[in-house]
Structures are given as C-alpha cells and as structure tokens.
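**Student:** With the hints as constraints, model all of the structure from the sequences given.
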Amino acid sequence: MRRTTSHFLWLIAPAALMVGIFFLYPLCFSLYSAVTLDSGELTLAHLNKAFELYSKDIIFTILIVLICVAILAVLSITIAGIITLSPFRTLSKTLGFLYRLPLFIPFIVTAQMMRTFLAKNGLMNNTFIASGLLTPMETVSFLGWSGIIITFVWKQLAFSTLLIAGAMAALDDSQIRAARNLGASRWRILLQIILPQIAPTIGVAMVLSTVTIMSVLSVPLMIGTGTPTMMTADMAFRINSYGDYHVANALGLVSYSICAVLAWFYLRQNLKEKGAQS
Amino acid sequence: MIHSPIHLLTKRFNKRYFQANFWLQCLFILLLALVLFGPILNLLIWTIAERWYFPHALPTQWGLKYWHQVFNPYSDVSGSLFNSVFIAVLTVIVCLLVSVPAGYALSKQTLPLRVFWMLLFLLPQAFPNLTVYINIARIFYDFGLNGTFLGVIIVHSVHGLMFSIWISVAAFSTTDPMLERASRNLGAGPFYTFFHIVLPQAAPGIIASAIFVFLESLDEFTGTFFVGSPNISTLPLLLYTASMEGNYQIASITALILLVPSVLFMVIITKFMRPDMLSKLGK
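Just so you know, the sequences run in chain order Z and B.
This note's numbering puts the first sequence at residues 5 to 282.
This note's numbering puts the second sequence at residues 2 to 284.
The hints are simulated quantities; they were obtained by calculation from the structure and are not laboratory data.
Certain hints may be false.
[What the hints assert, rightly or not] Computed, partial: chain B to chain Z, Cβ under 10 Å:
| no. | residue |
| --- | --- |
| 1 | Leu42 |
| 2 | Phe83 |
| 3 | Val86 |
| 4 | Phe87 |
| 5 | Val90 |
| 6 | Ile94 |
| 7 | Val101 |
| 8 | Ala106 |
| 9 | Tyr134 |
| 10 | Thr175 |
| 11 | Thr176 |
| 12 | Asp177 |
| 13 | Ser244 |
Backbone N, C-alpha and C define an ideal beta-carbon position, used for all residues, glycine too.
**Tutor:** Right under this line is the structure:
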C-alpha cells in the first residue's frame, strides 16, 4: 500500500515548497536576525535593546491579550451554552445566527467601524447622551487600550464561539439528557458535564485568538493612541522609520515566545487527535 | 393526581423561574444585537454624512457627495478596487493550482508522514505572521519583488494556502473511493479518473475554499502594507490611508465595499457550515 501512495508526495511538493520558501525561510531568517550581528556573530544586544525600549509595550501587549482571551472565553462559553442548552428554540436560533455576523468582516473594516463608533462623538456616546445616561461634557473617547480590547473581542467572538459551539454540538446528546433526567440544572450541566469535555477546544480557540491578536497591525494603528502601544505597531515603526530589522526581529522573537507556549499546546492537541486516527 | 398546595406552589415557582430565564436570555440577545449592529450602523451613517462633528448626535448635513467622489472613474478607489480584485482572482488561481493536488494526496490516509504534512500547512496559523511579512519584504527587496503584483500575490497565496488545503482535504475525504477504483478498473487513466470522477464530487468544497481565499486576499492588510506599498494600493490600504488622514467618509465607503461580500458569504456559508460539521474539518 505504501508503494502506491508515495508517488502522491509529488502532488504535495508545490504546496510544501511554497510554505517552505515563503513562510519557513523568512521565519528562520527572523530568528537568525534577532540574535546575530551583521557580521554573523551571536549577540543578545538586539534583544536587550528591544526590552530596554519596548518593555512597557511588551507588558501592555501581554495584558491586552490576557484580558481579551478571558473576556472571549467567558462570552463564547455563555453564547455556546445558551445555544446548546436553551429550552427556547427560537432564541437559540436567533443567537446562532447573530453571533456569526462578524466572522468574515475584515479586521481593517472592524477597526474603521470602531474608530468612529467609540470616538468622543461616536454613535455609542451619542446614544448614551440621547438616553440621558451622560451629558455631552461627560463623554470620553474609548480609543486606546479599552478600544483595542473591544475591537478584538467584537471580531474574534464569532470565531471562538463557532469552535466552542461546534464542540458542544458534537458531544453525545444522551449524557446531557441523562443529567437532566437526574435533576441537574442547566448551569450545572454546562459547568460539570460539558466544559470538562470541550476544554481542549476552548484551549485551541484561545490560542488561535492569541496568535491573531498578536499578528494584527491595523487595530493598534487605528484604535491605539500612541503610547503604550502593541508590539505589532512597534515592529512596523522600527521598520518604516529606521529600517532596523534586528530590533524588529528581536521583538518578533519575543512575540513568538509568548505564542510558543500556547502554540505548543495547540499543536500537541492536534497531533494527539491526528495520531489517534491515522 | 392530587394537587397539594405545596405542589402547586413549586409548579408556579418553576413557571416563574422559567419565564425569568426566558426574559434574561432575551435581554442577553438584545444586548448582543446592539453591540454587534451599533458599529455597523455607525459606519453606514458615516457613508452618507457630509458634515458631522461634536457635539451633534447625528450628521448636520446628509448626502451622497462622497459616493460620487468614490465612484468617479479617476478616483483612487476604482483603481484600488481593480487592484484588489485582480490580486484576489490570481491568488485564488495560484491557491487552487497548488492545493487541489495537495488536498487530493493528503486525503489518502495511507500517505507517508501525513500528520507531518498536515501540520506543516497549519504552521502559518500558529505563529504571529507580522514578523514573517517583514522578512519576506526584506527578501523580496533583493529580488525586486517589492511593490510588484507578483510579490503581493505570493504573499496572499501563502496566507490563503492553509485554508484552501485544509478545506480541499475535507472535500476530497468525502469522495467515494470505490467510484475511483471502479473507474480505474474499467480502464480509465489516472487523469481521466481524477477530472471526471473525483473532482466533480469534491467541487462544492473546492468552490467554498476558493471563495474563502478570495475574501482573505481581498481583506489582507498587513502583508500588502509591507510588500506592496507604496506602489500597489489595494482597498484595505486605501481605507487605512483615508482613515488616518481623517477622511472618514471615504474610509467608511471603502469599508462598506469590503463589508458587503464578507457578510454575504457568511450568510451563504451558514447554510453549508454547521458547527457540528466544522468539528469534523481536517480529519
């Protein structure tokens, strides 16, 4: 059997080459550039400089990621839980349609919407004024760290809920029914029966969201207010203003390391599932 | 059955509890709807606002002035729109050419190192890609690919490849291997069998992956920002520039042009992509 399928490897070759040349090579190049001088000697100078100049932004980025991921986890589990467990079919159907709305809306469009929506004279503040909650003088602009969090959560919620709701839908229905028959409340079913079984999926959804948040350049540029800002904006600044690839790549190395811990979990989970099947 | 007072009481309590739950969930959905539609509504207002400043709650002057400006044949928008669609179409072609054979091969469970290959194509999604784009731009600079269509198409294709390969694998996995074997046994060649028996069965999934890659390319910002600019302007780059210059009307109209295909595709794909189906993706 092996002989008949090994010639299929030729069919993968173009795709593998593309990923190799245009993804793996630049990736390795960035790692190399982060820890070497122009002459090729190993050095920690770039990393030191990156920490010296941008340690505030690194902490800011980590905090943004953690807050976003926490809000995302709570909201997507709530939405997916209502969809799976709600006794009201129409409500869960409406919710099922509603939450997916931002799924394919690009980040740049989300950023533009939020840039005007969250501004001092945006629709959000205007609604508060019209409903008498605030006076025009009390309004504040949400552009800045809170705006960045709102934008990321608004956009990523659809994706993480889709994954989590999918995992919940794939669970064996009879367990939930058995628990209900034994008198468990819906909250208890969600917390003690569903969540432990879909924990890996929640992990994967959060890791993918982290990687996305750490890759998006448009949101910090358009919603952020200068300092402190996210590492992506710093890297772009380093390149566009100084052409300083070393420090930019050193920052890249830091962002890889933040994701690597999480990505390891994600890949291992995939490997386990794939390994069990093939 | 005898209804004791206590029984009736718990029943009434349960009903009230049930109703409270209903209204609570309604409230949650209403709030979510407000949060989701608020920014979109704000965008729509900006596209037809000619003058809107603090502290006015709504624009002081409405009109389609900026729409005329945008759809003027000499405006930047029509040029960027053309660039965006041109790049997206070519990206789809490149991705399909590469991922259809790869997806077909990877759908064979007996393929050597199958897990390794699948993970290789997952990799671009497991790293923050900004750093990679920076370095691609640097490498492309040496080859004169910066600011060319070819460079941008390559960057978009690598980004789209993961989606197109994973969706094609799922599409080819649903084909019936018996039909393929029957066709070969009846004397058809491998190419004839692939194009007449296997490919038609996988076509819906492949079309879905093509739409996906098209949208991803249309919306791509970061890669184009480093590799394409300033020579090549796509809609996302134009949106960014307009927004940073404070030209919110132009930015909002551009955003709306990008928003429409995204939401349309979401509505179409909801019919095909149920969450329980999605959990089977990549197996």
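**Student:** Against each hint, give a clear statement of whether it holds in the structure.
**Tutor:** Comparing the hints with the structure gives:
A cut of 10 Å between beta carbons decides the hint on leucine 42 of chain B: the least distance to chain Z is about 6 Å, and the hint holds. A distance limit of 10 Å between C-beta atoms decides the matter here; for phenylalanine 83 of chain B the minimum to chain Z is near 18 Å, and the interface restraint is violated. A least Cβ separation of about 15 Å between valine 86 of chain B and chain Z goes past the 10 Å threshold, and the interface hint is therefore violated. For phenylalanine 87 of chain B, the interface hint is violated, the least distance from its beta-carbon to any beta-carbon of chain Z being 18 Å, above 10 Å.
Among the interface hints, the one on valine 90 of chain B is violated; its C-beta lies about 18 Å from the nearest C-beta in chain Z, farther than the 10 Å criterion. For isoleucine 94 of chain B, the shortest C-beta to C-beta distance to chain Z is roughly 13 Å, which exceeds 10 Å, and the interface hint is violated. Satisfaction of the interface hint for valine 101 of chain B is found here, the shortest Cβ-Cβ separation to chain Z being roughly 9 Å, below the 10 Å cut-off. Checking alanine 106 of chain B against chain Z: minimum C-beta separation of about 4 Å stays under 10 Å; hint holds.
At a threshold of 10 Å, the smallest CB-CB gap from tyrosine 134 of chain B to chain Z is about 8 Å, leaving the interface hint in force. For threonine 175 of chain B, the interface hint is violated, since its Cβ never comes within 10 Å of a Cβ in chain Z; the closest pair sits about 16 Å apart. The restraint placing threonine 176 of chain B at the interface with chain Z is violated, with a minimum CB-CB distance near 15 Å, outside the 10 Å limit. At about 18 Å, the closest approach between the beta carbon of aspartate 177 of chain B and any beta carbon in chain Z exceeds 10 Å, and the interface hint on this residue is violated.
At a threshold of 10 Å, the smallest CB-CB gap from serine 244 of chain B to chain Z is about 5 Å, leaving the interface hint in force.
Hints 2, 3, 4, 5, 6, 10, 11, 12 from the list above are not met by this structure, while the remaining hints are.
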